[in-house]
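Participant: Listed here are the chains, written in short residue letters.
Number of protein chains: 2
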Amino acid sequence: MSIVSEKMYQLGSKRSEIRELFEYGKKRIAEVGKENVYDFSLGNPSVPAPDCVRETLSDLISGDPVSLHGYTSAQGDAGVRAACADYINKTHGTGVTANDFYMTCGAAASLTISLNALAGEGDEVIVLAPYFPEYKVFITQAGMKCVEVKCREEDFQIDFAALSAALNAHTKAIIINSPNNPSGAVFSPATIEALAALLRDAEAKYGRPIFIIADEPYRELVYDAETVVPFIPNYYDNTLVCYSFSKSLSLPGERIGYILVPPKAAEHDAVYFAVCGAGRALGFVCAPSLFQKMVPACLGMTSDISVYKQNRDLLCEALTAYGYKVVRPDGAFYLFVKALEPDARAFGERAKAHDLLVVPSDSFGFPGYVRISYCVSTDMIRRSLPAFEALAKEYLG
Amino acid sequence: MSIVSEKMYQLGSKRSEIRELFEYGKKRIAEVGKENVYDFSLGNPSVPAPDCVRETLSDLISGDPVSLHGYTSAQGDAGVRAACADYINKTHGTGVTANDFYMTCGAAASLTISLNALAGEGDEVIVLAPYFPEYKVFITQAGMKCVEVKCREEDFQIDFAALSAALNAHTKAIIINSPNNPSGAVFSPATIEALAALLRDAEAKYGRPIFIIADEPYRELVYDAETVVPFIPNYYDNTLVCYSFSKSLSLPGERIGYILVPPKAAEHDAVYFAVCGAGRALGFVCAPSLFQKMVPACLGMTSDISVYKQNRDLLCEALTAYGYKVVRPDGAFYLFVKALEPDARAFGERAKAHDLLVVPSDSFGFPGYVRISYCVSTDMIRRSLPAFEALAKEYLG
Chain V
1475 MSIVSEKMYQ LGSKRSEIRE LFEYGKKRIA EVGKENVYDF SLGNPSVPAP
1525 DCVRETLSDL ISGDPVSLHG YTSAQGDAGV RAACADYINK THGTGVTAND
1575 FYMTCGAAAS LTISLNALAG EGDEVIVLAP YFPEYKVFIT QAGMKCVEVK
1625 CREEDFQIDF AALSAALNAH TKAIIINSPN NPSGAVFSPA TIEALAALLR
1675 DAEAKYGRPI FIIADEPYRE LVYDAETVVP FIPNYYDNTL VCYSFSKSLS
1725 LPGERIGYIL VPPKAAEHDA VYFAVCGAGR ALGFVCAPSL FQKMVPACLG
1775 MTSDISVYKQ NRDLLCEALT AYGYKVVRPD GAFYLFVKAL EPDARAFGER
1825 AKAHDLLVVP SDSFGFPGYV RISYCVSTDM IRRSLPAFEA LAKEYLG
Chain R
1475 MSIVSEKMYQ LGSKRSEIRE LFEYGKKRIA EVGKENVYDF SLGNPSVPAP
1525 DCVRETLSDL ISGDPVSLHG YTSAQGDAGV RAACADYINK THGTGVTAND
1575 FYMTCGAAAS LTISLNALAG EGDEVIVLAP YFPEYKVFIT QAGMKCVEVK
1625 CREEDFQIDF AALSAALNAH TKAIIINSPN NPSGAVFSPA TIEALAALLR
1675 DAEAKYGRPI FIIADEPYRE LVYDAETVVP FIPNYYDNTL VCYSFSKSLS
1725 LPGERIGYIL VPPKAAEHDA VYFAVCGAGR ALGFVCAPSL FQKMVPACLG
1775 MTSDISVYKQ NRDLLCEALT AYGYKVVRPD GAFYLFVKAL EPDARAFGER
1825 AKAHDLLVVP SDSFGFPGYV RISYCVSTDM IRRSLPAFEA LAKEYLG
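Top line first, the protein sequences correspond to chains V and R. Here the first sequence is numbered in this note's numbering, starting from 1475 and rising by one per residue. Here the second sequence is numbered in this note's numbering, starting from 1475 and rising by one per residue.
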């Protein structure tokens, strides 16, 4: 018998495949030099934060340190929450208020707090594969069952027949992540409308609300004028928006985001109180104060994401030319590419021999693919292309 | 049936008594003016962060934003952890390493992660009353039973007979908080030696490790030359140190701290991995990056705590003169004063009539007292004294 929690030991001793690969990359760089390793493992933004971040931080730290670094309310500074509400109302034509927001310590916190707030005995949460592997960890830790529904392989859009079959009397929520990690797929307004209709039918059939948990760290990261990222509460009332500024402002390490419980959500106040309670029980009260206070000046700003667009186009074109099967992603900064053999891990190992570090898709619940994070320098992508070509030739001749 | 977690709803809808009082204070200030309300409710440091904080933050934000704000390793930046290890080794003559540290998002995170890492079926965690009310929330959320053992009323030191009676085959850990919130008591080296001996006996008797979880946000806040705060791992191997920079550096809102799993702890690697796993499952990977990187330059620094000493002495002297029963605290910034009637809540209400906001002790597991946070301006304390005197006269004539 271990003296520690067996579950936590398992989670902590088996590092995630992504982190494992990242650590391998650091070792490999020490051996063969930075310029010879093509690390596409991590979703760590590569473009600097926009100027508003440095300017606002600089202004803030020249002010009174006691109020700046002091506790805010558990749910976040009231002025910050009001600014978030104003911004959302202006952008999406909604009528949300400061009291619908709960500031969080980043996207992971937004998700664990939301899931723990909703969790009831026997509840199930649907995830659409491919999905961010930690969803399963967060759902099971909250005491619920993670139910995987695969997206359509041709475009990574929702397979409504499969989703419909997965809905039942135990379904408490579905996590939607659009733009998606790892596929880069964006769900269109028509898709969200169809999803909303299906969920409303299921709510009526089973007599209980089914929540959409909208995990939206990539909301702003779309690259084509025609790509619209629908604001889900405008389509479906029972939505919790889990937002993070990590990717849009290139601040992944700073852990700042929010949960929005829109006014029309079923039993709004009970849900909001449960969010407050879960934040308290998990140890999350008061999101980091300085970064909370940076938010109002930076709402709606983004890093220079044109670099990601350039990277996407460069990689899509080259990989397609080499014979890889690529679904061109509309957003986020990931390319989800079919492995050139059925076993993605074996393929990933052969890629490693070319010092190409790509993440096998098994842990995303969608075997047979690899994830390529293109939030890297365009120069590294250019240098990596011969390796991608050589790898393809091993399989395709 | 609620559509949300009943437990989380209860935790979120019933605000903690401390927060409740703080919100009342804000309302009351709006009614009668800031100078007429004596708010002793919150443990929010009132002295500014030391200069090293602003200087270091300023230097950091003028550097490369990509690496500054990027993800660190899940357990924290390696250089930051190495600096923490060096500092602890120099200060306490230990041999800890960077790999014994897990950087956290503040004291609450340190505690919830540690508790979830250790939690096993049927396990119990002992808390010494009076104790910080959230301990009970954190312990039960981790699936363990919170067992209260009262300290001695005359000096708030450990009642070893009571503690001994509480130890059993289910005891997994005991939380030690010295300097203590709310009593301000500091456990001497002799006390910690006696505690260690008692726990070692219990470990031998029950054939399993019993951990000390040392919650140490107030470690540096002691005011007299003769007061020593023992470094518990030097007395007892199976200790997890939960440290936070919130109080020493006056940064409570920034959420930065660490867990130290000392090398000699039983099954050190399993415990450390379980800490990593619990951080992951709760949504805590990567403590806020900017504030992690501020840590090395500020280790061992404190705000100007002479203000707290002055406040303590002023309040102790005055309250004793008015007839209150006061145990002079050696550390932290709280005074734990016997209420002048058995019901502390009723006493708190009568204090409110004088616009004195003090926290009834019931939620600290030690009825009949009130907590006075003296991390306020000395001027406010001076202005509050006639109100304390008038309140005492109502009871004592």
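Be aware that a few hints might be false.
[Unchecked claim] Where chain V lies over chain R, by a calculated footprint (3+ residues, C-beta under 8 Å):
#1 1520-1532
#2 1649-1656
[Said to hold, decoys possible] Taking lysine-lysine and the DSS-like style, the derived pairs with C-alpha atoms no more than 27 Å apart in a straight line are:
#3 V:Lys1619 x R:Lys1812
#4 V:Lys1481 x R:Lys1812
#5 V:Lys1481 x R:Lys1619
#6 V:Lys1610 x R:Lys1481
#7 R:Lys1610 x R:Lys1867
#8 V:Lys1738 x R:Lys1619
#9 V:Lys1481 x R:Lys1738
#10 V:Lys1619 x R:Lys1619
#11 V:Lys1481 x V:Lys1610
#12 V:Lys1481 x R:Lys1481
#13 V:Lys1564 x V:Lys1610
Rather than coming from a laboratory, the hints here were simulated on the basis of the structure. It should be emphasised that the depicted structure is a prediction, and the values quoted were computed from it without experimental measurement. From the three backbone atoms N, C-alpha and C, an ideal C-beta is built for every residue, glycine too.
Participant: Where does the structure disagree with the numbered hints, that is, which hint numbers, in rising order?
Facilitator: When the structure is compared with the hints, numbers 2, 3, 4, 7, 8 and 13 turn out to be violated.
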